[in-house]
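Position chain D against the provided structure of chain E, taking the given hints into account.
Protein chains in written order, with this note's numbering: chain E, 1 to 312; chain D, 1 to 312.
Take these hints with a grain of salt, some might be off.
[What the hints assert, rightly or not] Computed footprint of chain D on chain E, listed as stretches where at least three residues anywhere in the stretch have a Cβ under 8 Å from a Cβ of chain D:
| no. | region |
| --- | --- |
| 1 | 83-90 |
| 2 | 95-109 |
| 3 | 141-154 |
| 4 | 263-269 |
| 5 | 272-284 |
[What the hints assert, rightly or not] Quick partial rundown of chain E residues pointing at chain D, CB under 7 Å, derived from the structure:
| no. | residue |
| --- | --- |
| 6 | Lys112 |
| 7 | Thr115 |
| 8 | Asn244 |
These aren't lab readings, by the way, just hints derived from the structure by calculation.
Beta carbons are placed, not taken as given, at the ideal position from N, Cα and C, and that holds for glycine.
Number of protein chains: 2
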Amino acid sequence: MAQNRIRGVLSPVVTPFNRDLSPDPERFISHCRWLTGQNCGLAVFGTNSEANSLSVNERIALLDALLAADVDASRMMPGTGCCALTDTVRLTEHAVKAGCAGVLMLPPFYYKDVTEDGLYRTYAEVVERVGDSRLRIYLYHIPPVAVVGITPKLVERLLKAYPTAIAGMKDSSGDWNNTQVFLSAFAKSGFDVFPGSETFLLAAMRNGGAGCISATANVNPAAIDRLYRAWQAPGADAQQEALNAVRKTVGQYVMIPALKQVIAYYADDPAWVTVRPPLTELNAMQVHSIIDGLKKLDFDMPGLDRTHAKAA
Amino acid sequence: MAQNRIRGVLSPVVTPFNRDLSPDPERFISHCRWLTGQNCGLAVFGTNSEANSLSVNERIALLDALLAADVDASRMMPGTGCCALTDTVRLTEHAVKAGCAGVLMLPPFYYKDVTEDGLYRTYAEVVERVGDSRLRIYLYHIPPVAVVGITPKLVERLLKAYPTAIAGMKDSSGDWNNTQVFLSAFAKSGFDVFPGSETFLLAAMRNGGAGCISATANVNPAAIDRLYRAWQAPGADAQQEALNAVRKTVGQYVMIPALKQVIAYYADDPAWVTVRPPLTELNAMQVHSIIDGLKKLDFDMPGLDRTHAKAA
Chain E
1 MAQNRIRGVL SPVVTPFNRD LSPDPERFIS HCRWLTGQNC GLAVFGTNSE ANSLSVNERI
61 ALLDALLAAD VDASRMMPGT GCCALTDTVR LTEHAVKAGC AGVLMLPPFY YKDVTEDGLY
121 RTYAEVVERV GDSRLRIYLY HIPPVAVVGI TPKLVERLLK AYPTAIAGMK DSSGDWNNTQ
181 VFLSAFAKSG FDVFPGSETF LLAAMRNGGA GCISATANVN PAAIDRLYRA WQAPGADAQQ
241 EALNAVRKTV GQYVMIPALK QVIAYYADDP AWVTVRPPLT ELNAMQVHSI IDGLKKLDFD
301 MPGLDRTHAK AA
Chain D
1 MAQNRIRGVL SPVVTPFNRD LSPDPERFIS HCRWLTGQNC GLAVFGTNSE ANSLSVNERI
61 ALLDALLAAD VDASRMMPGT GCCALTDTVR LTEHAVKAGC AGVLMLPPFY YKDVTEDGLY
121 RTYAEVVERV GDSRLRIYLY HIPPVAVVGI TPKLVERLLK AYPTAIAGMK DSSGDWNNTQ
181 VFLSAFAKSG FDVFPGSETF LLAAMRNGGA GCISATANVN PAAIDRLYRA WQAPGADAQQ
241 EALNAVRKTV GQYVMIPALK QVIAYYADDP AWVTVRPPLT ELNAMQVHSI IDGLKKLDFD
301 MPGLDRTHAK AA
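The shape of chain E in the complex, shown without the other chains (with noise of 0.2 Å):
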């Protein structure tokens, strides 16, 4: 395995929005603060966080604001990927100059059944662009989203031409089997895979994965941290399950405003609940159904900031 790669648990940051629904800097910076504080690294502009809600604008104002707060840029992998090639290339470009430890990047997911040649040439027109010995591109294979999907062919192609920059990739298929066969072909060779949710994390761990980046990391970051750590130590099918649970409870419903109610709720900061659209928040009873699961796990988020709590 290639050295001084970002691994382990990473969380896709939910991202916070005022009620006008500008994005909230101050709420992000600290909630990436208390993810990190978990050793949760950094995944912000996933899918998770609503990133294709946001301009290219946006998304750059708030890693500048995450870098003027002294977060950890190590410790980031921001999601550069549009549909638009120059797009992808600016926000790579700033990530890269801005010291993150690499991108997350989807395809162009707008046009639907392109080649992997046309694949191919836009990661490969990416590269050439951005032009910085440390760029390191995390595929993003995300098919229930982004319809438009990474093949084994192109991760080994593109491995061929860019064996520094391709890095490694994020396996949302939600399908094991999948995420298996890119461990086979490429995990030796130091591709480093992540699958897209923790219920995968042991599996993937006891088949060279490299961790996760998992859309419950933002609720239960430290959890998860630990099987990551002590995945070769007994008990490990014990914490596996008990994350499991966790993410059944959160992801009821839909995961997204469920994750931000969930935060607003041991916050007890309601600002958080707001998403844009086209997403939509849960309702009360369905908001009831997730508190009152996480309840009977004994769930908990120890050290959440609670500057905005109503009851501070």
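Below, chain D without anything else, positioned relative to chain E:
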């Protein structure tokens, strides 16, 4: 039907690129001039324009180049729907201020399985934020590409809240039954339905449609416009069949690179063939098959700008 709205045949204008993949405003202007000269409206920045492979700034620069060249804004319906609300608002504001006849607005298309309420909120936010009585939105339904689509219920809600701003739709479902549902429900109240292919032009006109917005209008605008004007005259069915034959020939492989190859051939200007990744150019066999098929149909593109013709 509402007065002074744009109707008839519009083309999602293909976007020419330089060798470095930057947009080529000169060829873009000349193609737009040729189209308006054939009575064809300019649905610039549509799917067939590779607009989703352009950044917001690139779209704005191209629109400004058209305006600076005195191309008539009242013949334009630029695509402005992006994944990010803030991008959609910025492009829409710019188009309205430029005096464009309307805007063709994709729903936010990254997140899937979004609710009707979430889509309603998206369009409502855009109307409210743009806050300009000149705004005319054409909802863009193209489920084979965007996946996220426009439903009759959504149109009903939007029309009720914003009867002036919500002016019509483009239906690129490729499913006549779907187009008919929208025509039956809304055409009489002044909501302009444009099928996304001239294949449905005659059927649409017979059912209260407003024209069509079609990829093939990039190369065959005059003949499509003739049917639009003569749909009640004898011979309309034969005209429709002739249009279908051209469309079938051009669209036998992938439409966007095919349109560019046809323009390159008839303008004798190979620079036109360039597409941006993730799209790829057609191969020589495919190009030959298309051009050969068009010649058998006595197809031509009279009046094309030949400034860049190799033989010039």
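Here's how the hints hold up against the structure:
1. 83-90: Result for this restraint: holds, n = 6.
2. 95-109: holds (count 3)
3. 141-154: holds (count 5)
4. 263-269: With 0 residues in contact (Cβ-Cβ under 8 Å with chain D), the coverage given for the region 263-269 of chain E is violated.
5. 272-284: holds (count 5)
6. Lys112: 6 Å, holds
7. Thr115: Holds, because the Cβ-Cβ distance from Thr115 of chain E to chain D comes to roughly 6 Å (cut-off 7 Å).
8. Asn244: Since chain D brings no Cβ nearer than about 22 Å to Asn244 of chain E, farther than 7 Å, the hint is violated.
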